[in-house]
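*Asks:* Chains L and S, in that order, give the protein sequences. The first sequence begins at 52 in the numbering used here and counts up one residue at a time. The second sequence begins at 4 in the numbering used here and counts up one residue at a time.
Treat the hints with caution; some may be incorrect.
Among the chain S residues that face chain L by a calculated CB cut under 8 Å, a handful are [as the list claims (entries may be wrong)]:
id	residue
1	Thr23
2	Ile25
3	Ser90
4	Asn92
5	Phe97
6	Ala99
7	Val101
8	Asn103
Computed spacing ranges between beta-carbons, pair by pair [claimed, not checked]:
id	chain 1	residue 1	chain 2	residue 2	range
9	L	Gly67	S	Leu132	54 to 60 Å
10	S	Leu44	L	Phe66	50 to 56 Å
11	S	Ser164	L	Asp161	36 to 42 Å
12	L	Gly61	S	Leu17	19 to 25 Å
13	L	Pro218	S	Met27	42 to 48 Å
14	L	Ala121	S	Arg26	36 to 42 Å
If you want the footprint, here are the derived chain L segments under chain S, 3+ residues with CB under 8 Å [as the list claims (entries may be wrong)]:
id	segment
15	124–137
16	153–160
Because the hints were derived from the structure by calculation, they are not lab data. Here the structure is a predicted model, which is why all the values come from computation and not from measurement. Heads up, the beta-carbon is just placed ideally off N, CA and C, and yes, glycines get one too.
Spelled out from the first residue to the last, the chains are:
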Amino acid sequence: MENPVLQVSGLTKSFGDVVSVNNVSFEIRRGEILGLLGANGAGKTTAINMLLGIVSPNSGTIKVFGKDLAESRIEILRRMNFCSTYTQLPGNLRVRQNLYVFGKLYRVPDLKNRIDEVLEMLEISHLRERVSGHLSAGESTRLNLCKSLLNHPELLLLDEPTASLDPDIADKVRKVVKKIRDEEGATILYTSHNMRDVEEVCDRVVFMHKGEVLFAGTSDEVLEHFKQDTLEDVFIQVARSGEIETQKGEVES
Amino acid sequence: MSLTTVGALVLRYLYLYTRTPIRMVELLFWPLVNLLVWGYLTVFLQKHTDDSFPFEITFLIGAVVLWEILFRAQQGVAIFFLEDVWSRNLLNIFAAPVTNADYLCSTYTVGLMRAGVTSVMLSIFALPLYSFNIFSLSWSLIPFVFNLLVFGWALGMISTSLIVRWGPAAESLAWAVPFLIQPFAACSIRCRRFRWRCNGSRRPCPARISLKECATD
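For reference, chain S alone in the conformation it holds in the complex (with noise of 0.2 Å):
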């Protein structure tokens, strides 16, 4: 693997966005909208609703942030390849020196940007509007943060493959890949196993106090 190589591909793709800001709608609206919608749905449940109510909701802001690093990480991957795909430049980039696993690390590197953009502005978003820490986690955040990635960039790999497999007009699967395994990911089934450790607590608690509490349960 050549960093030469990987710098020149990650580059290829940062002047894509330089060029054209219009693209970080995708990357920074979409999602905050997302956390607009479970951040005050949270917070209207928790005003509106007696003790009785399952607490675990209050997590679905944590699962709103964690979730966008998987998925934002998966769409660097497929969207890379996807750009290639609808410029006609495959091509010319397998004829040139660059190997898979150039290729593939270049894809993990905008994954990971991708990634680190949008969860970084879930979370600052997220403290003002919702009192919700994600960084009280500390330093367990990280492997977590970690398999996240890695997941999402497994599930990239897949989608690609089934574009490969299938030509562009499976492109959606690109979008559709991760929602597959939505109602199964770690990012919420984790939060609810927090909060089922936090002792069956009936005391309403915001997602910043409840997640730290967990985490240290």
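This is chain L alone, in the form it adopts within the complex (with noise of 0.2 Å):
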């Protein structure tokens, strides 16, 4: 069997007494959509922004492409991307100017043509030139994801991007995610408070709470699990739940 792509175990990390992730495993198995799903606060950001090596876990292992991140961190950042609609790119430069950084940063190959593609497949060519911090939330978020899809990322963590983004784009953002991974095969790990989001691209999903996994599984089997008819039911009976089981140890992937 092919090793997964990411695999995350026993991870915990907290800050003073706050204890942000705790225990958390889950593994992506090549040319899977993961999504990450739980309220604000449970741990999901923490949990990316350790799976992207910014934050040095308490204890718990991350291995990806199965490297040791720890160990091999420069070289798996270069085969993987990230994007979250809480970080910007800087607003002084061009759109073309800010894709040309990064695309050096990530060291892209014929990025000129790169450019256009990545611009292509969004939909914002026209706003090639314009300043970056002229552009609406929404056009600031494609850019953000042309960034991540420079260096034909075999990992891209999502960090809901569909947020700002009005219902037609948002769709045509889900189209781009799914069309990524059935073409380039990239794996992506999609974090979102949209469930529709969840429902229509996520192969599987890990439901955090208070920094622990609770369940992880297909979407039927997340209903099944929680009784519930639809995942945002179960995202607000997790959410307004405050003493729900949780599910220790390995959580069966």
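Make one complex out of these two single chains by using the hints.
*Replies:* Structure follows, in structure tokens:
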């Protein structure tokens, strides 16, 4: 059986007395889109920061492409990419300049053509010479997505990529996400508060609550486990329940 | 460390300055105002005081030029980091294959460029305005400037560390930290020492002459 692209085991991180991520384990297979779900404060962002090697875990291991992240971080980061609604590219630079700088950082070959390709893919070619700070929230998010696709990432971390988009653009973004998985075989970790996104895009989901993994499985398995009709109902049930019994230990992936 | 990565990070900074030329005010205008204030004060004191006035005052012009090297090097490091904080780009940078060494090297390069632009401009203006030639120090200027650059970079790293520790609320430290050491800074103390080595001469001496004399004394 092929090794998982991302393998997280026993990941724990605390800030002082607050345990943000507690003994989290999951894995993603090649070409899979995994949804990482949870209410605000569930530990998703801390988990992503650890997956990027920006925050060091207190314990646990992260293996990406079969290599230990702590030992081969730069080599791993060259093959993956990241996009978050909560980050922006420098507002004083033009769209083209921003993508050129990041393309250089990721050592993208034939960079100028690749910039044209990703702009075309996200349908913002007409913004090529626009100053990034003058873009709307939706355009800015799509620019971030362009940045994250520059290096043909084998593993893509998307942190709420449709949070600031209108339904039309959000739909287009979901199609792009599925397209890069289908055509380029990218493996994707997708966090979102939009359950429609998750139902449409993700093959499996991991539900987090108060830093711990509650359940992992396909959407149908999640619905059956929580005895709800929609993922949104599950989300609300999880977010509002203070005493949900968490499933400790390794979660079936 | 990768030169390609450092080059890309520096390029981003250059784009920033070519996109918004108003930023050059910080590099050119304020240092020039500083030079004019201290320069004309020096000229005034030289013309309106008798021989009993301490001559090290003439070195204020040199101190201004040398201080700007240190200050701009420090600013290069600290502001480079703050630009990423302000634009919410820090996570994108460190999610990219950028090592700490790459990032630091690019901040040093930007600090060097900023110090170079400002000090060259001030040196050029000081020559016709006050007959002050910093290059009269000749080769001995090189280790001195290098010393100031390294100290400026170190102060920049201290400023950045404090901002990381205390958050964006502490960003004014990016400007404040160098002034904590200004009264003891080498660029003024060193000049005074040069002056003291001039055998206690009491004759009026333009800055250009005195700096050269002191360096070769």
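*Asks:* Which hint numbers does the structure go against, in order from smallest to largest?
*Replies:* Numbers 2, 8 and 12 - these are the hints that the structure violates, sorted from lowest upward.
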